[in-house]
Amino acid sequence: MMTFWMGVASAEHARRGRDGGFAQLGHGKHIAVKSLKKGDWIVYYSPREGMGEGATVQAFTTIGRVTSKAPYRFEQAMDFNPYRVDVDYLKAARPAPIRPLLDDLRLTRDHRANWGIVMRGAKRMLHEEDMRRIAEAMGVLAEFEAHLSRRRL
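Per the UniProt record's numbering, residue 1 is the first one in the sequence shown, and the count goes up by one each step.
Please note that a few of the clues may not be correct.
Pairs of lysine to aspartate or glutamate, EDC-like flavour, derived with a Cα cap of 20 Å [as the list claims (entries may be wrong)]: (1) K123 with D110; (2) K37 with D79; (3) K123 with E12; (4) K69 with E12; (5) K38 with D88; (6) K91 with E145; (7) K37 with E128; (8) K123 with D40; (9) K91 with E12; (10) K38 with D86; (11) K123 with D88; (12) K29 with D86; (13) K29 with D110; (14) K69 with D40; (15) K123 with D86; (16) K29 with D40; (17) K38 with E143; (18) K29 with E75; (19) K38 with E145; (20) K91 with E53; (21) K91 with E49; (22) K91 with D40; (23) K69 with D86; (24) K38 with E128; (25) K91 with E143.
FRET-style restraints, in silico, Cβ to Cβ [stated by the list, open to error]: (26) P100 with H27: 28 to 36 Å; (27) G20 with H111: 15 to 23 Å; (28) G50 with Y72: 22 to 30 Å; (29) K38 with G116: 30 to 38 Å; (30) E49 with D79: 34 to 42 Å; (31) L141 with M78: 41 to 49 Å; (32) A55 with E75: 16 to 24 Å; (33) E136 with E75: 20 to 28 Å; (34) D79 with L141: 13 to 21 Å; (35) G121 with Q76: 32 to 40 Å.
These are computed hints drawn from the structure, not numbers from a lab. Model, not experiment: these values are computed from the prediction. Positions of the beta carbon are idealized from the N, C-alpha and C atoms, including for glycine.
Given these sequences and hints, build the entire structure.
Set out below in C-alpha cells:
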C-alpha cells in the first residue's frame, strides 16, 4: 500500500536531497525514515532557507517517490552516518507557498490559527488528496498522477 508523507527540512537540505536523489529526515535518525517504503511519496515542507536560519520560506519545496526497499546508512562525514532512502524526485516541481493552501489541506484546515504547530516534527503522514493538492500547487499534478496510475495497474 502506498503512503504519502511530508518531511520537514530547510529548503537548502530539501534541494540537496533532490539533487542527490535521497530523503533524510530527523537529522539522519533511522526511526525517522524506517516507515518510508518503496513506492511511497514524500513532499518536503521548508520553513526556512537554512537549518534554523536564513530567509523564511514556508513552502513545499520538493516532491518525489521512494525507490529504495529499505533505509540505508550513508557515510557523509567521519562522525555522521545518516540513514536515507532513495527518491525519484519530480524535477519540474516548483516551490509552493503554504499560506494559499491552508484552507484546502486536511492537514491544516482545522488548525488554521495554529497551522505552524502542525508542521513541526521530522515527518507526518498525509492524505492522498493533500498530496494531490500540493502536487498541483507545485505544478506537477499531471506527472504525479501518471506515476500513481502506473503504480496502481
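Consistency of the hints with the structure:
The hinted pair formed by K123 and D110 meets the criterion: a straight-line CA distance of about 19 Å does not exceed 20 Å. Proposed proximity of K37 and D79 is contradicted: the alpha carbons are some 27 Å apart, above 20 Å. Among the hinted pairs, K123 with E12 is consistent with the structure: their alpha-carbon atoms are about 17 Å apart, no more than 20 Å. Distance restraint check for K69 and E12: the Cα-Cα separation of roughly 26 Å exceeds the 20 Å cut-off, and the hinted pair is therefore not satisfied.
Proximity of K38 to D88 is assessed by CA-CA distance (about 11 Å); at most 20 Å being required, the pair is judged to hold. Straight-line distance between C-alpha atoms of K91 and E145 comes to about 15 Å, which keeps the hinted pair within the 20 Å bound. A distance of roughly 16 Å separates the Cα atoms of K37 and E128; the hinted pair therefore holds under the 20 Å criterion. Of the pairs offered as hints, the one joining K123 and D40 holds, with about 13 Å between alpha carbons and a cut-off of 20 Å not exceeded.
For the proposed pair K91 and E12, the alpha carbon gap of about 15 Å is at most 20 Å, so the pair holds. For a cut-off of 20 Å, the pair hint linking K38 to D86 stands: about 9 Å separates their Cα positions. The hinted pair formed by K123 and D88 meets the criterion: a straight-line CA distance of about 18 Å does not exceed 20 Å. A distance of roughly 15 Å separates the Cα atoms of K29 and D86; the hinted pair therefore holds under the 20 Å criterion.
Using a Cα cut-off of 20 Å, the hinted pair K29 and D110 is violated, with the two alpha carbons roughly 30 Å apart. For a cut-off of 20 Å, the pair hint linking K69 to D40 stands: about 10 Å separates their Cα positions. About 16 Å separates the Cα atoms of K123 and D86, which keeps this hinted pair within 20 Å; it holds. For the hint linking K29 to D40, the alpha-carbon distance of about 19 Å falls within 20 Å, and the restraint holds.
Pair hint K38 plus E143 holds up; C-alpha atoms about 18 Å apart against a cutoff of 20 Å. Distance restraint check for K29 and E75: the Cα-Cα separation of roughly 13 Å lies within the 20 Å cut-off, and the hinted pair is therefore satisfied. A C-alpha spacing of about 17 Å is found between K38 and E145, which places the hinted pair at or below 20 Å, so the restraint holds. Taken as a hint, the K91 and E53 pair is broken in the structure, with Cα atoms around 25 Å apart against an allowance of 20 Å.
Restraint check for K91 and E49: satisfied, since their Cα atoms lie roughly 19 Å apart, inside the 20 Å limit. Using a Cα cut-off of 20 Å, the hinted pair K91 and D40 holds, with the two alpha carbons roughly 17 Å apart. About 9 Å separates the Cα atoms of K69 and D86, which keeps this hinted pair within 20 Å; it holds. A threshold of 20 Å between alpha carbons decides the hint, and for K38 with E128 the separation of about 16 Å falls inside it, so the pair holds.
Taking the CA atoms of K91 and E143, the gap is near 10 Å; set against the 20 Å cutoff, the hint holds. Between P100 and H27 the C-beta distance comes to about 30 Å, which sits within the given range of 28 to 36 Å. Distance hint check: the CB atoms of G20 and H111 are about 33 Å apart, inconsistent with the given range 15 to 23 Å. Range check, G50 to Y72: about 26 Å between beta-carbon atoms, so the 22 to 30 Å window is met.
The hinted window of 30 to 38 Å between K38 and G116 holds, with their beta carbons roughly 32 Å apart. The hint said 34 to 42 Å for the Cβ distance between E49 and D79, and at roughly 26 Å that hint is violated. Our hint of 41 to 49 Å for L141 and M78 holds, since their Cβ atoms are close to 42 Å apart. At roughly 31 Å, the beta-carbon separation of A55 and E75 lies outside the given 16 to 24 Å, and the hint is violated.
The hinted range of 20 to 28 Å is not satisfied by E136 and E75, whose Cβ atoms lie roughly 38 Å apart. In this structure the hint that D79 and L141 lie 13 to 21 Å apart at CB is violated, the actual value being about 42 Å. Range check, G121 to Q76: Cβ separation about 22 Å, and the 32 to 40 Å hint is violated.
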